[in-house]
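*Asks:* Now for the letters of each chain:
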Amino acid sequence: QVQLVQSGAEVKKPGASVKVSCETSGYTFTAYYIHWVRQAPGQGPEWMGRINPESGGGNLAQKFQGRVTMTRDTSIRTAYMELSSVTSDDTAVYYCARSLLGSYSLDYLDSWGQGTLVTVSS
Amino acid sequence: EIVMTQSPATLSVSPGDRATLSCRASQSVSRYLAWYQQRPGQAPRLLIFGASTRATNTPARFSGGGSGTEFTLTISSLQSEDFAVYYCQQYGDWPRTFGGGTRVEIK
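As you go down the protein sequences, you meet chains A and B in turn.
Per our numbering, residue 1 is the first one in the first sequence, and the count goes up by one each step.
Per our numbering, residue 123 is the first one in the second sequence, and the count goes up by one each step.
FYI, nobody ran anything at the bench for these hints, they're computed from the structure.
From a predicted model like this one, the values you see are computed outputs, not experimental measurements.
One or more of the hints may lead you astray.
Between beta-carbon pairs, the in silico distance windows are [stated by the list, open to error]:
hint	chain 1	residue 1	chain 2	residue 2	range
1	A	T119	B	Q164	13 to 21 angstroms
2	B	T127	A	K63	47 to 55 angstroms
3	A	E82	B	E192	19 to 27 angstroms
Chain B regions said to be covered by chain A (calculated; three or more residues, Cβ under 8 angstroms) [to be verified]:
hint	stretch
4	137-149
5	153-161
6	182-195
7	206-213
C-beta atoms are modelled at their ideal positions from N, C-alpha and C, and glycine is treated no differently.
Kindly produce the complete structure, drawing on both the sequences and the hints.
*Replies:* Structure follows, in structure tokens:
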């Protein structure tokens, strides 16, 4: 079955970087975008960006440009999201999710990882 | 960016009753609208895509409607497992955006 398994919780000091991984199985890795979505405590989800595992290209919300790097390793079917210069406002659960490569009409998130809690505290 | 506004913020419903949730987009997203359910401590789960198409394993009591800027999610007869938070999300424009959610609670 389709699985997206994320790395464990992280605690970071302000100004540091954090890297979250998303290991996938049960489907063709290069046939689906990997999206990154975060959810601050008590808030709705916030879309950060997506990466095309086939090409390595992606789309980022303007808010995160310059601070977020999305990468992938096709040999181990894993995507990564690195967030730099973190502040307390970045404390959230970070999710990876997938959508089928193709047109706009397919860009809904049909499977999600379990989430990774990132806590930023001095 | 497109702002998604959900109403009401909280809906108190008795088991077996019908619930109707609303989602409004600040500009047209055509039918590029998805609904997700999130239970406490869990990741969101896709319920509806394309405004009205049920995802695999979504029970038939869930139905979606609307287009353009006005959308609804209806749960025809609430079951105990349906008490959760529901989010709409548009995927017709960049960046993709989510609504603030509607919490469906037991009356």
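*Asks:* The structure should be examined with respect to each hint, and the outcome stated for every one.
*Replies:* Okay, the hints, checked on the actual structure:
no., hint, result
1, T119/A with Q164/B: 13 to 21 angstroms, "holds, 19 angstroms"
2, T127/B with K63/A: 47 to 55 angstroms, "violated, 19 angstroms"
3, E82/A with E192/B: 19 to 27 angstroms, "violated, 38 angstroms"
4, 137-149, "violated (count 0)"
5, 153-161, "holds (count 3)"
6, 182-195, "violated (count 0)"
7, 206-213, "holds (count 3)"
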